[in-house]
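Position chain B with the ligands against the provided structure of chain A, taking the given hints into account.
Chains as they are written, first to last, in the working numbering: chain A, 362 to 549; chain B, -15 to 222.
These aren't lab readings, by the way, just hints derived from the structure by calculation.
Check each hint, because a few of them may be wrong.
One side of the interface only, derived from the structure: several residues of chain B facing chain A at Cβ under 7 Å [claimed, not checked]: (1) S37; (2) N41; (3) Y79; (4) T105; (5) D109.
Heads up, the beta-carbon is just placed ideally off N, CA and C, and yes, glycines get one too.
Given next are the chains, with one letter for each unit.
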Amino acid sequence: MSQTEFKNVDPPFWVAWNQALASIRVRFLRHAITSLGIALGIAFFSSVLTMRLATGPDPSDPGSADRLLWLVCTSLVMCLVGVTNSMLMSVTERYREIGTIKCLGASDGFIVKVFFLESAILGAIGSFVGAFLGSVLMMLVAGANFSTVMLVTLLGTGTGIVMTILAAVAPAVQAAKMPAAAALRVDV
Amino acid sequence: MSLDTRNVVVRTVDLAKQYGDGEAAVRALNGVSCEIFQGEYLSIMGPSGSGKSTLFNMIGGLDKPTEGSVYVNSVDIAQLTPRELAFLRCHTIGYIFQTFNLITVRTALENVTLPMLFAGTSPDDADEKGMGLLELVGLGHRYHHRPSELSGGQQQRVAIARSLANSPSIVLADEPTGNLDLKTGQEIIDLLRQLNHEQNVTIISATHDHKMLDVSDRIFHIRDGQLASIDVKDEVPT
Ligand SMILES: Nc1ncnc2c1ncn2[C@@H]1O[C@H](COP(=O)(O)OP(=O)(O)OP(=O)(O)O)[C@@H](O)[C@H]1O
Ligand SMILES: [Mg+2]
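Only chain A is shown next, with the shape it has when bound in the complex (with noise of 0.2 Å):
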């Protein structure tokens, strides 16, 4: 009787590259309203920053920079919670299609990775936009600088990378939990 040796190798990172993009190419519509969210909050929340950079604080109004900022922490807030929200349903989802994928040996780290990389390509392409679009709406019409416009939209997308990578902490985590056998249910 042959003994089974066991060796441990991880596939290579394109493979999980590919089948985060081949999920987000299928679901696309789903993918681009979750990333239109992540580019509103983003955008507003690049906005204000541009606009304080280029006027500096009110002095007429000191309470003024607290209201903003706590107005620009509930917007990146509650975007995080649509974001975890819809990865979650998509976890649902796809109960069997991760129950299959560990079947044909996908280890558990392997589909947290596909989950980040999923939720990471659509909060940079969202929060870009996002930034991008909110800081030049107010270089017009507050007058800032395109250097500050550049500071902003760096500035914007990495916040909008950052907030997406949590958002889908629970959602991999759950993904990753997922038993094997979900693969041979027919009910779901």
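Leaving out everything else, chain B with the ligands in the frame of chain A:
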């Protein structure tokens, strides 16, 4: 040739599985001990709810038994870490499902190569072997099609090609013809039998399908979570 001289690929010892506890407890398997030999075509028969799929989950390393053990190639799979279990699923076992379960977002060829990429095969080698397997199941010309563009029978052929990707010693098929019409089901059965002969792969198949019984070397009858009887087919064709 006597069965007893052949290699045992799967052995279960007093296997039991209970779902839930207390009032709601269901004992889906209740003390199943069996040996499955390398290269045989085994069918598992039994009424709905008798525990066939549960037995599959145990043999395939998809779920942990409540009591007893499963040995695959003499490795006790309860002792494996999650990573070793993933390795076992990748290399030693191929799975075929009633609902085909192709990855909907990938093409036929990508479905077949995915397990090879998990096994660390280079993309070129995987594509080459994947095309070979698709040709083996008669779908070489449809390699770039998505599952949604294939018929049920064709999807199941792709799934069969995928199950053989890493040259497993066992293929587990849970009602592989359950969602197919009579003729297509017969084609799938013939294909499985052919592959069983050509590749010497052990096929374990749960079924309600009487066509399946004609091609089986042995038949396990399961009743209420227990192995009720074993039929052995004669070596000489009748
Ligand atoms: N995840 C689960 N949780 C609770 N009970 C379960 C679960 N899976 C199976 N069972 C129960 O275990 C018993 C055996 O189920 P199993 O799916 O193994 O039957 P089966 O022989 O495959 O039936 P079928 O021919 O309908 O597929 C059934 O009574 C079922 O209700
Ligand atoms: Mg079943």
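Each hint, compared with the structure:
1. S37: At about 6 Å, which falls below the 7 Å cut-off, the nearest Cβ of chain A leaves the hint on B:S37 intact, so it holds.
2. N41: 5 Å, holds
3. Y79: This hint holds: B:Y79 lies near chain A, its Cβ roughly 5 Å from the closest one there, short of 7 Å.
4. T105: Given a least distance of 9 Å, the restraint on B:T105 is violated.
5. D109: 13 Å, violated
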